[in-house]
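**Q** Could you put the whole structure together from the sequences, leaning on the hints where they help?
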Amino acid sequence: MILFKRISVWLALLGVGAVVLLLRGQNAKVPNPGPVSEPPRSPYARTVASTGLIEASRENVKIAAPREGLVKRVFVKVGTAVKAGDPLFQLDDREVQARIRLLQAQVQSLRSQSAVDEALIADLDDQSKRFTRLGREQVATEDEVKRREYSLATAKARAKATLSATAAAEEAVRQASTDLDILTVRAPRDGYLLQVNLREGESAANKSSSESLMLLGDVDTYQVRAEVDEQDAVLIGGESPAVASLKGHSDLRMPLRFVRIEPYVVPKRSLTGDSLERVDTRVLQIVYAFDRPAFPVYVGQQVDVFIQRPQTEPAKKL
Amino acid sequence: MNPTVPSSKTSPQAQPVGQAVGARGIVKAFGVGDARTLALKGADFEAREGELHLIVGPSGCGKTTLLSVLAGTLASDQGEVHLFGTRLTGLSTSEVTRFRCRNIGFIFQQFNLIPTLSLVENVSVPLLLNGAGRREAEAKAAERLQQVGLGGRERQLPTQLSGGQQQRVAIARALVHEPRLVICDEPTSALDSVTGHQIMDLLSGAAQAPGRCVLIVTHDPRVYGYADRISEMEDGRVTGVHAGESLSSFIHSENRS
Amino acid sequence: MFLLALKMLLGDRAKYWMLVGGLAFSSLLMTQQYSVFQGLLSWTTSHMRNMRASIWIVEARVDQVNETKAMRDTDVNRVRSVEGVDFAVPLFQGVLKARAQDGSDKMIQMIGLHSGTLYGRPPRMIAGDITQLRLPNAVIIDTVAAEVNRLGAGMGRPLRIGDAFEINDREARVVGICETERHFFGYPYVFSSYDQALQYAPRQRKMLSMILAEPKPGLNEADVAQRIMKETGLRAFTVPQLEKSTLKWVWANTGIPISFLTTIILGFVVGVAVCGQTFYSFVLENLRNLGALKAMGASNMLLAGMLLLQSMTVGLIGFGIGIGMTALFGLTIAKSGQPPFLMDAAFVFEALAAVLLICALAALFGIRRVAKLEPAIVFRG
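Chains as they are written, first to last, in this note's numbering: chain A, 1 to 318; chain B, 1 to 257; chain C, 1 to 381.
Simulated from the structure, these hints should not be mistaken for laboratory data. It cannot be assumed that every hint is accurate.
Claimed, not checked - In silico DSS-like links for lysine-lysine, alpha-carbon gap of 27 Å or less: (1) C:K372 <-> C:K335; (2) C:K372 <-> A:K29; (3) C:K206 <-> A:K268; (4) C:K106 <-> C:K335; (5) C:K69 <-> C:K106; (6) A:K268 <-> C:K230; (7) A:K247 <-> C:K206; (8) C:K335 <-> A:K29; (9) A:K5 <-> C:K7; (10) C:K244 <-> A:K29; (11) C:K97 <-> C:K230; (12) A:K247 <-> C:K69.
**A** Written out as structure tokens, the structure is:
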């Protein structure tokens with residue numbers, strides 16, 4: 001063919017080749033790399049998705065101090081399992097101890113007084129008995145005998161008063177001991193310390209009210225507080241089954257048991273933690289319970305919750 | 001070779017046997033309105049097979065127009081043209097074109113070789129137009145070039161040749177498909193007299209072929225001697241036909257003047 | 001005869017090269033400008049190639065991918081609640097100011113990926129491990145961001161893994177480097193986890209820019225997107241839909257398409273003018289020869305075919321050379337990515353059609369002239 005003797009034709013063919021090369025290079029598309037871990041997926045065909053926080057099953061107990069005071073000792077660490085009555089922390093007790101020591105000294109002194117009284121009574125009793133005999137023998141006068149009798153009676157009465165005072169002082173010691181006991185805060189029930197925001201030497205009551213000194217929870221059964229956008233609230237049917245999966249580990253799933261729907265729709269908790277944030281989203285909270293799964297879960301962890309949607313749509317008729 | 005004629009369009013009127021070209025009452029006007037001029041005013045013309053026929057006359061007498069009409073390249077306003085028994089007048093343009101392609105060879109004053117094609121390619125054009133294959137056409141063309149004395153120069157370009165050589169190529173081209181009518185328009189006017197005679201020798205040789213007619217328009221008196229017959233034209237009409245005795249006296253008088 | 005037609009064309013070298021050159025220039029102008037234009041347009045949608053997802057969900061009034069109107073956090077869950085959605089994750093997108101080592105401020109395109117799945121992560125990592133994005137203050141930057149005149153300023157070398165810079169006075173530590181397609185705004189990409197991105201970004205009432213979602217296997221993306229729109233009131237796009245919408249926005253709101261279109265049309269006009277002129281003069285010059293051919297019995301059809309063949313030949317060759325130059329241009333700049341360049345396979349054929357149209361028009365002028373030509377012309381000296 002005459003055309004192929006021409007350089008222009010080869011240039012043109014070269015051009016077409018370059019185009020093919022370029023287009024092939026351009027079309028080399030890198031495929032979608034996909035998610036690095038299992039994305040949160042609903043096991044149900046029709047679902048209402050929400051996010052929730054894991055809580056201890058009974059609501060967590062915020063431990064407070066009985067009164068203001070310096071913290072003397074903290075007996076537990078975060079994560080310590082405690083039985084009801086186990087001490088958690090102790091406030092400064094020096095004042096109460098001093099009071100106890102004072103009261104005990106008083107008791108001691110009153111008890112010494114009683115001993116003196118008894119010795120005096122023994123002496124007066126002896127004198128009284130001898131003067132009574134001497135009186136019968138007409139050796140002592142009537143007056144002398146009576147004087148000894150009255151002295152004895154007086155001494156006995158005084159000893160009785162001292163005993164009462166001793167009892168009162170002992171009661172005061174016992175009261176002071178109770179005060180001492182109150183300064184040691186004990187676990188109100190079995191549980192697991194989720195937070196300890198207290199260190200020895202700190203003042204116990206100066207903590208802001210939003211933060212508790214210690215947070216005691218139950219960790220064998222947990223609950224999840226799922227927050228559903230108010231716009232989806234109508235889609236929630238009575239006691240729908242649900243599953244939760246850990247944020248970032250959606251393959252770790254926990255079946256949930258319905259506990260209750262909080263009847264009051266609340267502003268959404270913002271996880272950015274800014275209390276000044278304005279919120280225009282309100283959420284319906286639904287509480288589910290679940291048992292401790294095989295993998296570790298922690299209270300406060302975020303979970304993705306998928307709630308099964310009831311088969312029938314809520315009536316949309318007006 | 002017997003004149004075998006396409007029968008479909010044969011005129012019902014029988015044409016004289018041996019007649020190659022017949023034209024009667026040809027009128028051709030150019031322009032419109034005031035600018036309208038009659039180039040042919042009822043020209044009659046006849047040429048026979050086997051003859052070399054010259055059409056002569058002064059410039060502007062209409063001889064080129066007549067030639068165009070006879071060749072079928074120009075439609076006349078009136079009159080009819082018969083070529084080898086085929087009535088050309090009344091055929092459609094494409095039928096005329098096909099007829100021309102098959103039966104007519106052309107030689108032009110300016111040779112009109114295609115400058116970008118080699119000699120053999122130029123010569124093979126009529127064969128190609130008639131549907132021949134390239135190889136076959138070029139083989140025949142090379143043979144023709146050999147015959148006009150240009151063997152071995154097939155691949156040269158026309159611009160590398162002298163005028164006479166170019167006209168020989170044109171003759172080869174005109175004859176390559178063995179046409180029955182060869183039409184030449186002033187074939188020698190661009191050439192010197194020696195070359196002109198060589199060309200005329202070739203053409204008169206071509207006219208020897210049985211059943212062929214060579215028509216030449218010329219006003220070059222040097223070539224009159226080659227003619228078998230001369231038609232003289234003036235003012236759009238054929239005013240005289242010279243053959244035999246009258247031909248030699250006509251040539252004599254023309255050459256003298 | 002057609003072979004001879006080609007020889008006639010090629011024989012006239014000056015005219016042939018002028019024709020081929022004019023058409024090559026015209027093709028070059030059209031395809032190169034269109035490719036640059038396409039490249040520029042493709043920059044406006046490069047988000048969709050740097051972050052991969054089937055369905056993109058945005059606020060109801062958002063028309064294009066580069067625009068962000070924040071949604072509420074819970075909207076992710078609302079999308080997840082739509083039937084047919086396999087999964088859905090949040091995405092933060094915003095232009096932030098970063099501070100390089102030398103203290104200069106650089107604008108960056110911040111992308112926050114869902115911490116768990118990192119869905120929408122850049123497809124091409126060059127160094128580092130994407131999962132390290134979950135570490136505190138970790139970011140992955142693209143190669144553009146790493147450059148010395150970007151975040152590498154003051155380092156004297158491009159940023160590497162382990163280097164740090166600041167975003168809004170927070171430390172950002174580079175844990176990986178990826179390759180991205182350049183964005184229209186020219187800002188380099190910096191990826192972090194969604195939670196981290198919220199820390200970097202100036203705090204606003206709503207921070208969720210986009211939601212990326214996938215349909216359940218076997219479901220049609222467009223259908224699921226439609227359902228998401230119906231059920232949530234948000235706007236959901238499939239990738240082609242979002243591309244289309246973004247491009248529509250660019251066409252409606254910027255002067256870029258008009259200016260490029262002008263050049264492209266100019267290329268066409270230049271092609272028509274040069275080629276038409278030259279070809280017509282080529283025909284005129286050969287008129288006597290064409291007349292001779294016509295006299296010798298070449299039909300109008302044959303001559304038209306020959307002219308058409310000639311013009312189409314120069315068209316094809318000119319186009320091949322022109323588009324080849326465009327392609328070479330594209331291949332040369334492919335490495336640097338500047339200026340934008342994207343050759344559209346469909347447009348290659350459209351441009352070819354345009355060039356052949358030019359040639360057909362040019363041939364048509366010639367054909368008209370030849371058809372009118374009386375073959376008798378050759379008899380006149």
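**Q** Each hint: holds or not?
**A** Do the hints match the structure? See the list:
1. C:K372 <-> C:K335: 55 Å, violated
2. C:K372 <-> A:K29: At roughly 55 Å apart (the allowed maximum being 27 Å), A:K29 and C:K372 break the hint.
3. C:K206 <-> A:K268: 12 Å, holds
4. C:K106 <-> C:K335: 24 Å, holds
5. C:K69 <-> C:K106: Roughly 23 Å between the alpha carbons, so the hint for C:K69 and C:K106 holds.
6. A:K268 <-> C:K230: 24 Å, holds
7. A:K247 <-> C:K206: Cα-Cα ~21 Å, so holds.
8. C:K335 <-> A:K29: 16 Å, holds
9. A:K5 <-> C:K7: 11 Å, holds
10. C:K244 <-> A:K29: 19 Å, holds
11. C:K97 <-> C:K230: 37 Å, violated
12. A:K247 <-> C:K69: OK: A:K247 and C:K69 at ~26 Å, within 27 Å.
In terms of the numbered hints stated before, the structure departs from hints 1, 2 and 11, listed from lowest to highest.
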